[in-house]
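Those protein sequence lines, which keep their order, are chains Z and G.
Per the working numbering, the first sequence starts with residue 20, numbered consecutively.
Per the working numbering, the second sequence starts with residue 20, numbered consecutively.
Treat the hints loosely; a few may be bogus.
No distinction is drawn between identical chains; accordingly, a pair holds when it is met within one copy or between any pair of copies.
Straight-line alpha carbon distances no greater than 25 angstroms define the calculated BS3-like cross-link-like pairs of lysine-lysine that follow [as the list claims (entries may be wrong)]: (1) Lys520 / Lys439; (2) Lys327 / Lys439; (3) Lys478 / Lys108; (4) Lys442 / Lys324; (5) Lys108 / Lys522; (6) Lys324 / Lys334; (7) Lys478 / Lys512; (8) Lys439 / Lys517; (9) Lys334 / Lys405.
Simulated from the structure, these hints should not be mistaken for laboratory data.
Number of protein chains: 2
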Amino acid sequence: MKKELLFCPLGGSGEIGMNMNLFGYGEPGNHKWIMVDIGVTFADDTIPGIDLIYPDPGFIVERKDNLLGIILTHAHEDHIGAIAHLWPKLKCKIFATPFTEYITLTHSILEPNGLRIKTPAGVVLHTGDWKVDPNPLIGDEINAKRLKEIGDEGVLAMICDSTNVFSAGRSGSELDVRKNLLNIMGRLKKRIIVTSFASNVARMETAFYCAEQTGRQISLVGRSMHRIYKAARQCGYLQNTIDPIDPREAKNFAREKIVYLCTGSQGEPMGAMMRISNYTHPDVFIEKGDAVIFSSKIIPGNEKKLYKLHNQLVKDGIEVISEETEFIHVSGHPNREDLKDMYQWVKPKCVIPVHGEHRHMIEHINFAKEMQVPHPVQVENGDIVKLYPGEAPEVYDKAPSGRLYLDGNVSVEEDSQSIKDRKNLSSNGYLEVTILITPKGNIHNNPVTTFRGLPIYEKDEFLYGLEDEIEKTTRFFKLGNRQQESNLIDALKIACRKFTKEKTGKRPYTNINLVRI
Amino acid sequence: MKKELLFCPLGGSGEIGMNMNLFGYGEPGNHKWIMVDIGVTFADDTIPGIDLIYPDPGFIVERKDNLLGIILTHAHEDHIGAIAHLWPKLKCKIFATPFTEYITLTHSILEPNGLRIKTPAGVVLHTGDWKVDPNPLIGDEINAKRLKEIGDEGVLAMICDSTNVFSAGRSGSELDVRKNLLNIMGRLKKRIIVTSFASNVARMETAFYCAEQTGRQISLVGRSMHRIYKAARQCGYLQNTIDPIDPREAKNFAREKIVYLCTGSQGEPMGAMMRISNYTHPDVFIEKGDAVIFSSKIIPGNEKKLYKLHNQLVKDGIEVISEETEFIHVSGHPNREDLKDMYQWVKPKCVIPVHGEHRHMIEHINFAKEMQVPHPVQVENGDIVKLYPGEAPEVYDKAPSGRLYLDGNVSVEEDSQSIKDRKNLSSNGYLEVTILITPKGNIHNNPVTTFRGLPIYEKDEFLYGLEDEIEKTTRFFKLGNRQQESNLIDALKIACRKFTKEKTGKRPYTNINLVRI
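Only chain Z is shown next, with the shape it has when bound in the complex (with noise of 0.2 angstroms):
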């Protein structure tokens, strides 16, 4: 039988975040895979006590005995984060295979990495996260030369991040932030404060830079910061900057002689930065005529936090310096004028956007429409493209896809049972009420009721008037008769929820025990 080329994203295509791709090669029904990349995406309120979700690998731990790796682009959470959660279910090795090779781009990570697929059927570039950025300030340039080698050799297909498809012009590179971001530092005269992502290295080294050029000191805030600017010391990065103080002793310098570099540019409510706005932070104080600089994208979803931490910080007179007015940050993803650039480099057979919610893919099939590309090819999740053999690569098949939940250290489902349940409880309460029954058919005693969540003030009114609805309700059953018992059951889970629906116009879960003693 002819070999085929497969390529079947399992996360990433259709949502930012939870990037997870396949490529297989063999016969039908025989295919060696590899999967690039293993994320994460973070849940929002709309699914309650729930953090982390990933994708259902299920498709490929049905094949893990034919998975050849796992190979990781750069180090984001969306990228790696669910290795150790997915790994024990697959239990392969984490590697750059053979035919695997990896091309240095630039994005807002130390060492992201394109990967050139070398396959009997053709090449394959799978981008990863990348933008054109020729002053990346820490880490190599693009290797333009060797992307456009990769094209004039032929490429196949190229699998692309389409997460910026919507912007106009280049992204922009670190150089000018670093350059506006002095302007900016050398004008503020009191106390500043830096927040934006710890892995952003080279933003990292652009504050201590400006620290150092505008005469303040710097001192890093919350956790992740001090593990990044560890880990970049140890790979041999930051070596040239000023050593950072520790905030305790930074309280001791005038408030303008100092820079702090904080977590929490999202207004992650625990995060440095919200507890610095809260003037709850144990080292950090701010005061009117301070200035935060949020040197950071507005995650979408994020924005009502965000600014509420703004209106937090100018309510008191402290300046809010953030992208929406001065331009302090750039993304790490190509624009238009940057996609450009490596569809010209590498001239793909075939396009398949991927990294994007539907409407950014969509738009990427309209760009490379525009730039010529013979075949480009619109996915979601699970689908599987044939790129070879066949007259154009197409969507041939559907592998099941899906989001798994991590609730507490539980992988549930999109629609488990618990979350639907807490959902319920987060807006209803609950409440339980527990019926002693006599060896007689008596009730014994008062029934045992709680509740929870339910805008109650009068309690004991409250539960002297459920008393008498139970009361009323049991008078015309038989207890001791089994059917009697559960038509029972439900007449009190409605006379109860109608009661507490009067008294407070909410409806409860509500549960009913019969307990006979």
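Given the coordinates of chain Z, work out where chain G should sit on it, guided by the hints.
Relative to the frame of chain Z, chain G by itself:
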């Protein structure tokens, strides 16, 4: 004693929504008050089980005998929505008092009014919500002549809308939206669905007009669309438009011959637009090649919900047209050039920015300074500004203020136990254990255990394990002794939570009942 003129916002100053403003005049300690607007705001997923939020009216409730009345500037929910909930505590007239006069403004609703409040201490202009629209399409133009007259007579203070103070230029005209919508609808070949706020009757008229001009029927979808259409007709508007047809009838028309105007422009889960995009709407079908026009703003905080809706549509080949890609919406609030007009007409001695978050109001203060206003005054909810007498208006006292949540039918405070408990339940679920103790101090039968919201798939196994823990814990306590029983409850709570944490990773809210039989 010298009489004073006071201003105090109880809502809307420091947040978007729930506007409530008080003006007081009289001797210190004996002011007569008027209230301007009494609005609500809507809760998001961070406050589970709550829909409506309104200002705590305690300050004015205590003074209700001196409350002359409530004046409503216009019919948006953020200006009138709390009447039903708060009026019973105030029982005052709702009217335009003799010392008030309405000035016609333009906004995104019919009949927006500014108030000229004439007092012996001077004139105050309260703008309400407004913009400068030279072609509002429905309703009169902004009464610039009257505003200039008022300005010429001298204005002590202007209380002014801050919503769009970050936006340069003008907010634009409904007429331009109409022209552009007509162009867009002219080029669309299949079914068209327009979604916008029902209360924007000018936009509604535009949809009717464009349908007629492009040879299509129009059909209204969603309850509030019908309600507002009827109300507008009763008030004498929409007299020269085509008649809408019933959505059930609309199904009989070819898809290129129909426009639907529907609710749910913010991606509301139960809104018509969401149900249409889910293919669960009983009367409106949508298919590949159709187009959805979101002729409305993306309200901050709704981005994720709305993008989800966009994604759902575009992935099925439906074109999405929104304010991000086309000029199909104008704001009802004044941009900076509009504000400049108002400042120049009114020439107030003092400006108090309201209707905004802190960041908007502080930017508005800076704007007022640029406009050479002698006395811009920064306020937040509860601030009492003395407008007269004195050298210059200033905040001189603080009224109690806050937010009340409508929880079921009960008004609760922001830190209410019911909401705290539901948040806890929504993250952690609950576990209830009832243990029956015989008169001799023995445990009767097995404990009665119920739980909810926990990721437990082997229920029996979990319960057996839990019962073992309970049995082990109970062994060390002497039942029948009250102090020991109280310690036992604590010990059981700890043991049950620990066991559940081990099995599921969750720490549920845990309640232990010891019941004597």
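Evaluation of the provided hints:
1. Taking the shortest alpha-carbon separations for Lys520 and Lys439, both the intra-copy value of 21 angstroms and the inter-copy value of 20 angstroms come in at or below 25 angstroms.
2. In this homomeric assembly, Lys327 and Lys439 come within 25 angstroms of each other (Cα to Cα) only across copies, at 20 angstroms, whereas the closest approach inside a single copy is 29 angstroms.
3. For the identical chains of this complex, Lys478 and Lys108 are inter-copy neighbours only, at 24 angstroms across copies versus 50 angstroms inside a copy, given an alpha-carbon limit of 25 angstroms.
4. Taking the closest pair of Cα atoms, Lys442 and Lys324 come within 25 angstroms of each other both inside a single copy (21 angstroms) and across two copies (17 angstroms).
5. Taking the closest pair of Cα atoms, Lys108 and Lys522 come within 25 angstroms of each other only across two copies (19 angstroms); inside a single copy the shortest separation is 51 angstroms, beyond that limit.
6. In this homomeric assembly, Lys324 and Lys334 come within 25 angstroms of each other (Cα to Cα) only inside a single copy, at 16 angstroms, whereas the closest approach across copies is 29 angstroms.
7. For a Cα distance limit of 25 angstroms, the shortest separation of Lys478 from Lys512 qualifies both inside one copy, at 19 angstroms, and across copies, at 23 angstroms.
8. Proximity of Lys439 and Lys517 under a CA criterion of 25 angstroms is satisfied in both settings, with 22 angstroms inside one chain copy and 24 angstroms between copies.
9. Taking the shortest alpha-carbon separations for Lys334 and Lys405, only the inter-copy value of 20 angstroms comes in at or below 25 angstroms, while the best intra-copy value is 57 angstroms.
This entry satisfies every hint, going by the numbered hints stated previously.
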